Amino acid sequence: MSLLPSYKTYEDGLYALAQADERFVVMTAENRSAIRNLPGKLGDRFIDVGIAEQTMIGAAAGLAVRGRVPVVHALATFLTLRAFEFIRTDVGIAHLPVKLVGTFTGFVSEANGPTHQAIEDIALMRGIPGVNVWCPADEDDLLMGLETVMLDPKPCYVRYNNCKAAFVHAEPFAIGRAETVMEGTDTTILGYGLLFGECLKAANALKDAGYSVGLVNMRMLKPADTETILVAARRSKLLVTVEDHFQTGGLYTIVAETLVEHGVMAKVLPIALKERWFKPALMADLLEYEGFTGTAIAARITDQLNTTAS
Amino acid sequence: MTETEEQELKAIAHRVRRHVVRMATDGGCFIGASLSCVDLLTYLYKRWLNVSGDKLQDPDRDYLLLSKGHDVPALYGLFVELGFLEQERLKNHLKTSDHIYWHPNRSIPGVEFHSGSLGHLLGVGLGIALDIKIRTGNGRVVVVLGDGETNEGTIWEAALVAAAKKLDNLIAIVDRNGFQANMATEELIRLEPLTDKFAAFGWETVRLDGHDFHELEQGLAGIPRTSGRPTAIVADTVRGQGLPSISARADRWFCNFSHQEIDQLLEELEGSRRAVIESDIIVAR
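Protein chains in written order, with the working numbering: chain A, 1 to 310; chain B, 311 to 595.
It is possible that some hints are incorrect.
With a straight-line Cα cutoff of 20 angstroms, these simulated SDA-like cross-link-like pairs (lysine to any residue) come out [stated by the list, open to error]: (1) B:Lys443 / B:Arg535; (2) A:Lys279 / B:Pro419; (3) B:Lys401 / A:Met283; (4) B:Lys405 / A:Lys164; (5) A:Lys279 / B:Lys475; (6) A:Lys279 / B:Lys405; (7) A:Lys274 / A:Gln304; (8) A:Lys279 / B:Ser417; (9) B:Lys401 / A:Tyr289; (10) B:Lys507 / A:Gly50; (11) B:Lys405 / B:Ser417; (12) A:Lys279 / B:Asp336; (13) B:Lys405 / A:Leu282; (14) B:Lys405 / A:Lys201; (15) B:Lys405 / A:Glu288; (16) A:Lys164 / A:Leu200; (17) A:Lys274 / A:Met182; (18) A:Lys154 / A:Met182; (19) B:Lys320 / B:His521; (20) A:Lys201 / A:Met182; (21) A:Lys237 / A:Asp208; (22) A:Lys279 / B:His521; (23) A:Lys41 / B:Lys401.
It should be emphasised that the hints constitute simulated quantities derived from the structure, not laboratory data. Note that the structure is a prediction, hence the values are computed from the model and not measured.
Generate coordinates for the entire structure from the input sequences, incorporating the hints supplied.
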């Protein structure tokens, strides 16, 4: 039986939720890529404030104190960076149920350049008390969690990703739970978002080469699935975190914090962006250039396993 | 401006448009917003700004900051015509072998500051203009803004500060092509009367046709018209100017055309038949 809801796209899902529940309002700072057909359908519950991210967050807080659940959209850099203090202060301190949907995250910004590279978004959003962080692996993963996240009373940052699924997700969505795809003793790859597909390719390549490989789709980075991280650390000789995010403040940091907090020792290989922006280019070229294809990920893991073994 | 001089400017702008069109494939570019400011940039660099290939690092040069950074194909196309940039490099657009992508990069000769996130460079330009004043220099700073960009609050913070600091060497030029990413500006967040808004903030204002070199010549003459006041020029332009098949349309902002469509658009620039566009639109913001 499919775990997918009846709606086929993010936009249709949001519309279904808004139809069923009057509290929902859909907002944007003139970023309509994910919600192009909603203005006509939602009428005055669709609010485009123009290119004014800070004012959008303030207005969302105002709507929320009146009982609404604003689902706000902007390019992730402008949402999480430009409007950061407004999110922290107006949404975070007041603990309002505003859903913060950041688009064109990580490598998805392709050739836009550093101004558009949201690669510290997770670090920033998880740093705000009470704000959850959800990073769906693909469109199916996004649809599976949509209703739960939207109806949850907490504010949540959604690292929007609607890439086509290359994998049938068998694990139902739950707040704070990861999806364990494979289990293995040599290594476990922990990934999320757009790069989950490349992690899957890497895991299959390593399996074909004779390694015992685990793979986890993290889904939520806050609350992160501590138990799954610890189980993987105890089972595998090497943990690998893969992310289109700065090495600081994202999944690698979360894993490190989790291991330290629970007194668990494990070798962890971070595959992330260390103190640099990535090369602006189209997706296939940039994955290749930056070493984030499934093949490149598998090669780095093989090197590390060989080094550890010798 | 003589007839010959005007024809020369038109010829340069035409070649810049050809460069822009060629960048709108194999990944595409923000062609609409680029074509609207070609004439404006051509006039400024050829006739007004004190900057040239051998003066790119001269502290006494004039500065041009492209705050609406997504129109960078126009700037790079012009830099080729000015000899700042080798034409061959435009073929590296979006490739990992170079730094030519959808927004400006400072490693390209002539780019004074990177941009892409809207509402940043009026503040940066204000800082440069302030330092020129402190050092009693003569340099002027032009900041090119998008009209949609004036939605951002930082534009109006900078407008307040520039007037308070009496920066008459700062000139903001709004490329008023009437559209922001998804729709006409006036359908979303009304901007008009735009010159009145800048005037209320203490700026000298000029409104002109941003495709008319004579109007640009007149409008840019004698700045500052009042000592101690910054100048805002609202230049009325057309999104996609030069290509009737894509101009003044909400859905022709970012475009990624097929090679065949590019060939037709290049013909259309020469005044022959209109191109037939079948590619899906892409709006990336």
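Outcome of the hint check:
| no. | hint | result |
| --- | --- | --- |
| 1 | B:Lys443 / B:Arg535 | holds, 17 angstroms |
| 2 | A:Lys279 / B:Pro419 | holds, 19 angstroms |
| 3 | B:Lys401 / A:Met283 | holds, 18 angstroms |
| 4 | B:Lys405 / A:Lys164 | violated, 25 angstroms |
| 5 | A:Lys279 / B:Lys475 | violated, 38 angstroms |
| 6 | A:Lys279 / B:Lys405 | holds, 9 angstroms |
| 7 | A:Lys274 / A:Gln304 | holds, 18 angstroms |
| 8 | A:Lys279 / B:Ser417 | holds, 13 angstroms |
| 9 | B:Lys401 / A:Tyr289 | holds, 18 angstroms |
| 10 | B:Lys507 / A:Gly50 | holds, 18 angstroms |
| 11 | B:Lys405 / B:Ser417 | holds, 15 angstroms |
| 12 | A:Lys279 / B:Asp336 | holds, 17 angstroms |
| 13 | B:Lys405 / A:Leu282 | holds, 8 angstroms |
| 14 | B:Lys405 / A:Lys201 | violated, 25 angstroms |
| 15 | B:Lys405 / A:Glu288 | holds, 12 angstroms |
| 16 | A:Lys164 / A:Leu200 | holds, 14 angstroms |
| 17 | A:Lys274 / A:Met182 | violated, 28 angstroms |
| 18 | A:Lys154 / A:Met182 | violated, 30 angstroms |
| 19 | B:Lys320 / B:His521 | holds, 10 angstroms |
| 20 | A:Lys201 / A:Met182 | holds, 12 angstroms |
| 21 | A:Lys237 / A:Asp208 | holds, 18 angstroms |
| 22 | A:Lys279 / B:His521 | violated, 35 angstroms |
| 23 | A:Lys41 / B:Lys401 | violated, 43 angstroms |
Comparing the model with each numbered hint stated earlier shows that hints 4, 5, 14, 17, 18, 22, 23 do not hold.
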